[in-house]
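S.K.: Spelled out from the first residue to the last, the chains are:
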Amino acid sequence: MKQRLIVTPDLCTGCRTCELACAFAHSVKGKPGRSRIYPLPTGKHEMWTPVVCLHCDDPACAKSCLVDAITRNEETGAMELDNDKCVKCMACVAACPFGCSLHDAQHDLVVKCDLCGGDPVCAHFCPTKALTCRPVIPTRRKAVV
Amino acid sequence: MVSLTINGRVVQANKGEMLLSVTRREGIDIPALCHHDAVEPFGACRLCMVEITKAEWDGWTNYVAACLYPVEDGLIVQTHSSKVNELRRTVLDLLLARCPNSPEIRQLAAEYGVTQTAYEEIPDADNCILCGLCTRVCERLGFKAISTVGRGHDKVVAPPLKEAPPDCVGCLSCAQVCPTNVIQYEDEGNKRTIWNKSFELIACKECGKQTITRDFAEALSSQRNIPEDYFELCDECHRRELSVKMGSIVSWSREAAS
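Heads up: the protein sequence lines correspond to chains A and B, in order.
Counting from 1, position 7 in the first sequence corresponds to residue 7 in our numbering; the numbering is continuous, with no gaps.
Remember, our numbering sits 145 above the position in the second sequence when you count from 1.
Only chain B is shown next, with the shape it has when bound in the complex (with noise of 0.2 Å):
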């Protein structure tokens, strides 16, 4: 255990922790949008900045993204003083250039007063942040469908050679986890599309309730060793086989003891 002080308040963490991870803990409400927990800190963002110091460090002071940053002993850690809120305003402007239409990017800017950009906004913005949340989760659960593509300027969320990913399942984890909500997908009839890549959806044997493709399905049977007839009924049908077979069960033993 390691003992630091966050904000004037002294609070323990495991050692190896990340602040960011410490810091969501305790309640303090720091901005970061490519982080997840279910995949390694990245720090493409920036927006978890925060302000460090030790006692021996003599007033000196040092400005770590907080995801990345695991913590120490004796630190001392403020997260919204004036300098930390201008970095962050300066990071929040220049994803509004990037950005402009984004909802989610907007209400974080203006949380941090910013309410304009300064700097020319992107003809054609599409809101992706590029903080690659989506491609890491995509690779965290195995299927590495998408990737980034290009660099500096050119850089997008792609799958290979931006034609219909051959390895992606259709399981909508990257539409799910993206911060700025710019993944689409259409569920239509028993069809799933996105990437352009059609999927089927499973519909439930009884009430033709869809949760995922078939593809997906096929997936974690074969990864898994799930077997493949769980997939056949939807939860709530699954649910109401589960009451008739533990009524039947009563009705036996009821049976049995008469």
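Isolated chain A (complex conformation) (with noise of 0.2 Å):
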């Protein structure tokens, strides 16, 4: 079943408890690994929002990805990076325009969001429920006249 992480901006105190677990889930080797998901300050109402991939329809880091190194999984819809594939050329890094794709220097790996395989920690740990997790339900279209 295809998921999507749904953010809620209005709920988030930026606590990033979803950044804390977020590296514990992608740990390696025993050691944290780089948060793949920000929470920031947006600027307005003292508002919070955490950033992390929007899993685009027309992705940019794997438009930019010269090794085809990240792909979507079909099953879940999210765009996943396979570190065993990855040159390290920073394309990715440099190419997301919202930022998602990120160097991991501690490991020396590019990460990115992967919705945890389906099942996004981050949305488990989420104390305010800013982030959810909602399976996509297939809407039907009408057709364009």
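The hints are simulated quantities; they were obtained by calculation from the structure and are not laboratory data.
Remember, it's a predicted structure, so these values are computed and weren't measured experimentally.
Where a beta carbon is used, it is the ideal one built from N, C-alpha and C, also for glycine.
Within a straight-line C-alpha distance of at most 25 Å, the following computed PhoX-like cross-link-like pairs (lysine-lysine) qualify:
#1 A:Lys-63 / B:Lys-289
#2 B:Lys-289 / A:Lys-88
#3 B:Lys-390 / A:Lys-63
#4 A:Lys-85 / B:Lys-160
#5 A:Lys-44 / B:Lys-350
#6 B:Lys-390 / A:Lys-44
#7 B:Lys-354 / A:Lys-63
#8 A:Lys-63 / B:Lys-350
#9 A:Lys-88 / B:Lys-354
#10 B:Lys-342 / A:Lys-88
#11 A:Lys-88 / B:Lys-350
#12 A:Lys-88 / A:Lys-29
#13 A:Lys-129 / B:Lys-390
#14 A:Lys-88 / B:Lys-336
#15 B:Lys-289 / A:Lys-85
Sample of chain A residues with no beta-carbon within 10 Å of chain B, all distances over it, derived:
#16 Ile-6
#17 Arg-16
#18 Ala-25
#19 Gly-30
#20 Glu-74
#21 Glu-75
#22 Gln-106
#23 His-124
#24 Pro-127
#25 Cys-133
Put the two chains together into one complex, using the hints given.
M.R.: In structure tokens, the structure reads:
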């Protein structure tokens, strides 16, 4: 089932629990990895919002990857990065217009949100439900005449 | 699907898959220096040699490079038998003679019990094992800026005519994949130097952080239709921009609701 991580900025308090959960969920050899999700202040009404990969329909990261290491997981709908294929040219890090492909300097890996294989850990840990995960229900679209 | 036995364990694999990727998936550690999933297997370093046999082979065995051997039904594989380890020790012995100063080779050789080479060490060794991974990755990326030049003991990895390569964009992929970290580069100020060629690094408009070179960004824009203004900001400033945009959208919707 395709998943969608839904962000509701109104509910985010900027507690950064999602960041912590993400870093631990993506540990490499027991060391926490770089978080794929960033709660940032929006500059309006003292409101925060988690910034996370949008898994675009026309993703700049996958287009910029010259070795095709970033592909869509048809099961979850997430754009996933294969670290065994990645040659760390940083093209996706530079190309993503939302800055959601990141370089994990500690482990020397390029990382991005993979929706944790269909069950995002950040959504489980968000205390205010600013992050929720819902399956995408296919809707029947009206034909454009 | 085919079924084979690796170190006494029955393993399922897809048809056409190479032995090395199956063993890696099963968590069996076979050393391989020239292998990278981004490029086709090449079989240059010969460290992934394994022993194979089949029930109908009457006890005969064969030694093959796992990265180049497609899986077969009924194959019986030994990845760390004494004969395989002896083969790897010989390969490491030779690699150690070629690259006596490489920490990566020294460590791997020590794991197999080779601390000193039995051969004569090459004078002025440069740590390159000539696996060609850098040239293959460069070709895979579509730039083909470097290649192996010469034959026999004259063989080296070099740009055409050993001059600054015109096709290089300074993406550093060759340096990143090199198993012995022999490809040197320098990032200084807004200049990156690799293969004796200088590149301008794009600095973020807001914070000045540098990610890729201008030549690489231009190549990506023209080959992959990525708008050039995507490269103006760094990842951090892009995220900040998105959070501000999301804040504006929420405040508009609040105003519209009230």
